[in-house]
Amino acid sequence: MSRFKAVIFDLDGVITDTAHYHYLAWKQLAESQGVHFDHAFNENLKGIDRMGSLDLILASSSRSYTPEEKLALADAKNLHYQQLIATMSSKDLLPGAVEALDAVRRAGLRIGLASVSKNAFTVLERLGITDKFDYVVDAATIARGKPDPEIFLKAARELGVAPADCLGVEDAVAGVAAIKSAGMFALGIGHPFVLTEADVVITSLKEFNLAAY
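Once you know that position 106 of the sequence shown is 106 in full-length UniProt numbering, the rest is easy, because the numbers rise by one and skip nothing.
Quick caveat, the hints were computed from the structure, so don't treat them as lab data. Errors might be hidden in some of the hints.
[To be verified] The calculated lysine-lysine pairs, modelled on BS3-like cross-linking and capped at a C-alpha distance of 25 Å, are:
| id | residue 1 | residue 2 |
| --- | --- | --- |
| 1 | Lys154 | Lys5 |
| 2 | Lys91 | Lys154 |
| 3 | Lys154 | Lys180 |
| 4 | Lys5 | Lys180 |
| 5 | Lys118 | Lys132 |
| 6 | Lys118 | Lys27 |
| 7 | Lys46 | Lys27 |
| 8 | Lys46 | Lys206 |
| 9 | Lys27 | Lys206 |
| 10 | Lys91 | Lys46 |
| 11 | Lys118 | Lys46 |
| 12 | Lys180 | Lys206 |
| 13 | Lys70 | Lys5 |
| 14 | Lys206 | Lys70 |
| 15 | Lys91 | Lys180 |
| 16 | Lys154 | Lys118 |
| 17 | Lys206 | Lys91 |
| 18 | Lys70 | Lys132 |
| 19 | Lys91 | Lys118 |
| 20 | Lys27 | Lys5 |
[Said to hold, decoys possible] Derived Cβ-Cβ restraints for the label pairs, each shown as a range:
| id | residue 1 | residue 2 | range |
| --- | --- | --- | --- |
| 21 | Glu68 | Arg157 | 30 to 40 Å |
| 22 | Glu197 | Thr141 | 22 to 32 Å |
| 23 | Arg63 | Val200 | 14 to 24 Å |
| 24 | Asp55 | Glu158 | 43 to 53 Å |
| 25 | Ser90 | Asp55 | 11 to 21 Å |
| 26 | Met51 | Gly108 | 31 to 41 Å |
| 27 | Glu197 | Arg3 | 13 to 23 Å |
| 28 | Arg3 | Ala76 | 42 to 52 Å |
| 29 | Gln28 | Arg106 | 34 to 44 Å |
| 30 | Gln28 | Ala59 | 10 to 20 Å |
Glycine is no exception: its CB is placed at the ideal position from the N, C-alpha and C atoms.
Could you build all of it, start to finish, from the sequences and the hints given here?
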């Protein structure tokens, strides 16, 4: 028997990897504004919501932007991203993802998704796994992005489970911080020397073992 009553997963970098699509879309936008954008810059955007990411990029621009201009740029980036993810399928599921979701279901636990992407539902549909989640929280339903704990607290509330009874799964520093601030157990996907606040770190969901946490 697990000591948890629910597991709340992040999407990007945990269930699937849309990072490359985000990178291409952000790179095009940044360079259209005269901002140099590479993989090192992109790392700073990991786990940050769309407007927060845009602000980081535009901070390197030589000009200032009105709120309306920022919204237009964010919409342009999202349109490009949507065009890129339209080609996604179940082949884009990361190794161990489906097995981990099925293991949680077999254990009788509730399953939530906490994604700062406004395209979370579209991605789940393309991957063919929408029905594996009891509740999905995306950026459209929250006021504050990670590292604020709001998204994980909302997921727990909608699942009907106390935060202390939840296991959160994240691959980003901001996401792990959000899980811990919510009072949950944090399982990191990645490297221990990066995800230093996580309670346990594994390299991918292929190593997911609910009984070990």
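Do the hints match the structure? See the list:
1. Restraint check for Lys154 and Lys5: satisfied, since their Cα atoms lie roughly 15 Å apart, inside the 25 Å limit.
2. In summary, the hint linking Lys91 to Lys154 is not supported, as the alpha carbons are separated by about 30 Å, beyond the 25 Å threshold.
3. For the suggested pair Lys154 and Lys180, the alpha carbons sit about 14 Å apart, so the restraint of at most 25 Å is met.
4. A threshold of 25 Å between alpha carbons decides the hint, and for Lys5 with Lys180 the separation of about 17 Å falls inside it, so the pair holds.
5. As the CA atoms of Lys118 and Lys132 are separated by approximately 19 Å, the hinted pair is consistent with the 25 Å bound.
6. Between Lys118 and Lys27 the alpha-carbon distance is near 19 Å, which keeps this suggested pair within the 25 Å criterion.
7. Restraint check: the Cα-Cα separation between Lys46 and Lys27 comes to about 14 Å, which is no more than 25 Å; the hinted pair holds.
8. Under the criterion of a C-alpha separation no larger than 25 Å, the hint pairing Lys46 with Lys206 is consistent with the structure, at around 22 Å.
9. The hinted pair formed by Lys27 and Lys206 fails the criterion: a straight-line CA distance of about 31 Å is larger than 25 Å.
10. Of the supplied pair hints, the one linking Lys91 and Lys46 holds, its CA atoms being roughly 23 Å apart against a limit of 25 Å.
11. Only pairs whose Cα atoms come within 25 Å are accepted, and Lys118 paired with Lys46 is accepted, the gap being roughly 15 Å.
12. This hinted pair checks out: Lys180 and Lys206 have alpha carbons roughly 23 Å apart, not beyond 25 Å.
13. Annotation: proposed proximity of Lys70 to Lys5 is violated, straight-line Cα distance about 41 Å (limit 25 Å).
14. With a C-alpha separation of about 39 Å, the suggested pairing of Lys206 with Lys70 is violated against the 25 Å cut-off.
15. With a C-alpha separation of about 32 Å, the suggested pairing of Lys91 with Lys180 is violated against the 25 Å cut-off.
16. Of the pairs offered as hints, the one joining Lys154 and Lys118 holds, with about 16 Å between alpha carbons and a cut-off of 25 Å not exceeded.
17. Among the hinted pairs, Lys206 with Lys91 is consistent with the structure: their alpha-carbon atoms are about 16 Å apart, no more than 25 Å.
18. Distance restraint check for Lys70 and Lys132: the Cα-Cα separation of roughly 35 Å exceeds the 25 Å cut-off, and the hinted pair is therefore not satisfied.
19. For the hint linking Lys91 to Lys118, the alpha-carbon distance of about 21 Å falls within 25 Å, and the restraint holds.
20. Of the supplied pair hints, the one linking Lys27 and Lys5 is violated, its CA atoms being roughly 40 Å apart against a limit of 25 Å.
21. In this structure the supplied range 30 to 40 Å holds for Glu68 paired with Arg157, their Cβ-Cβ distance being about 34 Å.
22. Between Glu197 and Thr141 the CB atoms are about 25 Å apart, so this pair conforms to the stated range of 22 to 32 Å.
23. In this structure the supplied range 14 to 24 Å is violated for Arg63 paired with Val200, their Cβ-Cβ distance being about 45 Å.
24. The beta-carbon spacing between Asp55 and Glu158, approximately 29 Å, falls outside the hinted interval of 43 to 53 Å.
25. A beta carbon spacing of about 34 Å between Ser90 and Asp55 contradicts the range 11 to 21 Å that was offered as a hint.
26. For the hinted restraint 31 to 41 Å between Met51 and Gly108, the CB-CB distance of approximately 38 Å keeps it satisfied.
27. One distance hint, 13 to 23 Å for the beta-carbon pair Glu197 and Arg3, holds here, with the actual separation near 20 Å.
28. Checked against the hint of 42 to 52 Å, the pair Arg3 and Ala76 passes, with Cβ atoms roughly 46 Å apart.
29. Checked against the given bound of 34 to 44 Å, the beta carbons of Gln28 and Arg106, roughly 43 Å apart, stay inside it.
30. In this structure, Gln28 and Ala59 meet the distance hint of 10 to 20 Å, their C-beta atoms being roughly 18 Å apart.
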